[in-house]
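Work out the full structure, taking the sequences as your base and the hints as a guide.
So the sequences go chain by chain: A and B.
So the first sequence is numbered by the numbering used here: it starts at 1 and just counts up by one.
So the second sequence is numbered by the numbering used here: it starts at 170 and just counts up by one.
Since no wrong hints were added, every one of them can be taken at face value.
A few chain A residues that face chain B, going by a derived Cβ cut-off under 8 Å, partial list only:
| id | residue |
| --- | --- |
| 1 | 51 |
| 2 | 52 |
| 3 | 56 |
These are computed hints drawn from the structure, not numbers from a lab.
This one's a predicted model, so the numbers in the text were calculated from it and none came from an experiment.
Here a beta-carbon is modelled for each residue, glycine too, at the ideal position from N, C-alpha and C.
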Amino acid sequence: MRTFPHLKKMNSEMLEALLLDRALGGLTPEAQLLVSELLERDPEAAQQAREIEQTVSMARETFRGSGLPAENILPMPLDLRRRHSHIPIWTAGIAASLLFGFFCGRQTSPQITAQNESAAREIHPAKSSEFWSARSYLPQSSAHAGAPAPQPQLHWPSPVRRPYWKASL
Amino acid sequence: MSGIEKRLGQLYQELGPQLRAYLCRRHPEPGSADDLLQETFLAALKNAAAFAAARSPKAYLFGIARHVSLDRLRETATEKLRAAPVPVPEAAHDPRLEQMREAISHLKPEFREVLDLRLQGELSYEEIAQALQIPIGTVRSRLHHSIRELRRKVLRSLHADISTSKENEL
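Following this line, the structure appears as structure tokens:
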């Protein structure tokens with residue numbers, strides 16, 4: 001077994017620092033060997049080491065069992081959450097808009113009632129005398145087109161008189 | 170899926186629980202830790218070059234988680250780390266653990282943080298130094314100070330019990 005004579009003399013502060021590092025897992029394997037050697041030969045230091053290890057162990061236990069939720073239940077990663085949530089939001093939004101429009105349309109569409117029907121029948125088609133009627137439009141358009149010669153018409157007002165030609169107006 | 174995304178996916182499975190536990194202790198409000206965990210990995214993805222160059226991905230992610238957490242604390246107008254006692258489950262009624270929980274809650278936040286990262290997060294001294302961007306010597310001294318304090322407060326009564334039981338055995 002290796003011995004470390006230089007460990008025979010060590011001040012209490014240095015020893016405590018080594019024991020703290022040992023308990024916290026901050027020593028290199030070589031340093032751990034050195035400290036183990038020391039503890040085998042020094043019961044007082046061994047007792048101190050046990051106390052420190054006990055403290056660290058209890059602190060670790062307190063941290064780990066500190067009323068936290070189960071550690072294996074992780075939230076879904078962000079990109080997956082987006083993929084799962086955004087597409088249904090789009091489709092749900094469109095569907096909701098269509099449904100809303102459909103119901104609004106149903107609620108506000110004109111209803112055919114007896115009153116409405118009679119009112120509709122009172123609306124007459126345009127009369128032939130109105131400006132846009134074909135009969136009134138054609139003579140005007142022909143006048144604007146300009147220069148058709150007046151056609152003579154045969155007038156025979158009475159059987160007892162002779163007929164005659166007269167230019168129409 | 171790029172190499173970075175794949176690597177981050179693996180790390181999410183490996184380190185997600187530890188990171189979430191770390192964030193849960195800093196943000197006990199329901200849902201906060203989950204949001205911050207997502208933000209942590211999103212930030213790592215955005216800074217893919219820095220993530221790829223990090224010596225320890227674990228330390229890098231814990232460092233980001235800490236920054237994200239601090240940002241959230243600032244948003245909620247809480248400048249300092251919470252000094253709230255470490256939550257304890259209903260089932261744990263071990264008086265020693267209760268004493269330890271009380272003692273941990275009285276540690277200064279910066280001391281409690283390194284202890285948390287070492288004991289729960291299982292980060293090495295070097296990784297803690299990277300995550301917190303402090304010298305490794307500071308990590309070591311804070312850890313030592315914390316354990317000394319806890320030992321002094323908690324084990325004082327425990328030693329009395331041990332010595333009593335030894336006397337009874339003899």
